[in-house]
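Given only the sequences and the hints, what does the whole structure look like? Please build it.
2 protein chains.
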Amino acid sequence: MHTLYQFHLSGNCYKVRLTARHASIPIALQDVDIIGGETRGHAFLKLNPNGRVPTLVLEDGRALPESNAIMWFLAEDTALLPADKWARAQILQWLFFEQYSHEPYIATRRYWVAFAPLEARKTKDHMLQPWLDGGYAALGVMEQHLAAQDWFAAGQFTIADIALYAYTHVAHEGGFDLKPYPAVLRWLDRVARQPGHMTIAARA
Amino acid sequence: MHTLYQFHLSGNCYKVRLTARHASIPIALQDVDIIGGETRGHAFLKLNPNGRVPTLVLEDGRALPESNAIMWFLAEDTALLPADKWARAQILQWLFFEQYSHEPYIATRRYWVAFAPLEARKTKDHMLQPWLDGGYAALGVMEQHLAAQDWFAAGQFTIADIALYAYTHVAHEGGFDLKPYPAVLRWLDRVARQPGHMTIAARA
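As you go down the protein sequences, you meet chains C and Y in turn. One point on numbering: in our numbering, the residue at position 108 of the first sequence is 521, and numbering is uninterrupted. One point on numbering: in our numbering, the residue at position 123 of the second sequence is 536, and numbering is uninterrupted.
Hints listed in this document are in silico derivations from the structure and should not be mistaken for laboratory results. It is possible that part of the hints are untrue.
Identical chains blur together in the list; that is why a pair holds if it fits in one copy or across any two.
BS3-like cross-link-like pairs, simulated, lysine-lysine; straight-line CA separation at most 30 Å [said to hold, decoys possible]: (1) K459 x K498; (2) K459 x K592; (3) K592 x K535; (4) K592 x K537; (5) K498 x K535.
Small disclaimer: the values here were computed from a predicted structure and weren't measured.
Structure representation (structure tokens):
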């Protein structure tokens, strides 16, 4: 069985659990104390020299970091990742959008507002507004897309939806108000009603 | 023929040109004035609502943003993107590393130090050190990998190498010193010696 090194409330780790669930691939969870610095320790850096969770470790010891790369690996040969070349290009487009234009604002603000040690939070006060602006810009791009389409790519539920769902559905924890984004809210509900869905809090 | 909407000195756009060259796919270049705000204008936002270059437009009008998604699309069925599932997972790992842990520091510092309008640069003075720290952390991860292997994934030259080459080979323009990264320097030379290589300045 694969082992997922993870921090349970991280959206990036939730992406992998939700993909594994929808792909019916069993994974073992190994919790890592990212706030306490465990991802910067020697043992973890041997798995991922970039010092980040999630990292998936296969039974033979091979390790794969990067949430969206892990999702792709688990979703191959399932309905979450259609074989069509253009469909895959569009899925990748949204996966890179998520990591470059969405996560650095919406996930980062949530971390510093809701999870970071209290003393450390003050050092990021000057970033609260830029993170808000960047996050709302990303939500605007999503709203425009979802006003005309039910899903992000290929006309069906794919790993592009899982990737963007992970931090969008908890954006309020970072201080984002989703009410001005009705198409995003309807899409969040659509994802949550997929058969087999599980919440970010669920262990399995 | 595909048309690449691009800013010529952008490493993200260079990635696409270099991939197209190695894949022997002809593309037409359409320059976009990103510094003058053309990517935020109505006409461009119809192509890419996220307002960024590169964006590839196919002959039938379909548009694909995100440099690494475009590279993947162009490289399918070529030696730049092997079919093996684990090789592809590793390529994606490095493509996401590039967009999350490398480009936001190394490319962003280069833009603000070397290309941004002079007046605007002052507004980013407080970011110069964080960008330097993040960039050197990424270079450290690359150095560790390349000390033991010639290429980033699959034991051969792939789009993972092209993605990381694009901004690493011009990192000095952003104030980065690569001398402490000898394996990175050897790899840069290896990429530049690939048959068919072209420089960031070349038009075709």
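Here is how each hint holds up against the structure:
In this assembly of identical chains, the alpha carbons of K459 and K498 lie at most 30 Å apart only when taken from different copies (23 Å versus 35 Å within one copy). With identical chains, the CA atoms of K459 and K592 are at most 30 Å apart between copies only, with a shortest distance of 25 Å across copies and 43 Å within one. Proximity of K592 and K535 under a CA criterion of 30 Å is satisfied intra-copy only: 28 Å inside one chain copy versus 36 Å between copies. In this homomeric assembly, K592 and K537 come within 30 Å of each other (Cα to Cα) only inside a single copy, at 26 Å, whereas the closest approach across copies is 32 Å.
In this assembly of identical chains, K498 and K535 lie within 30 Å of each other by CA distance neither inside one copy nor across copies; the values are 46 Å within and 44 Å between.
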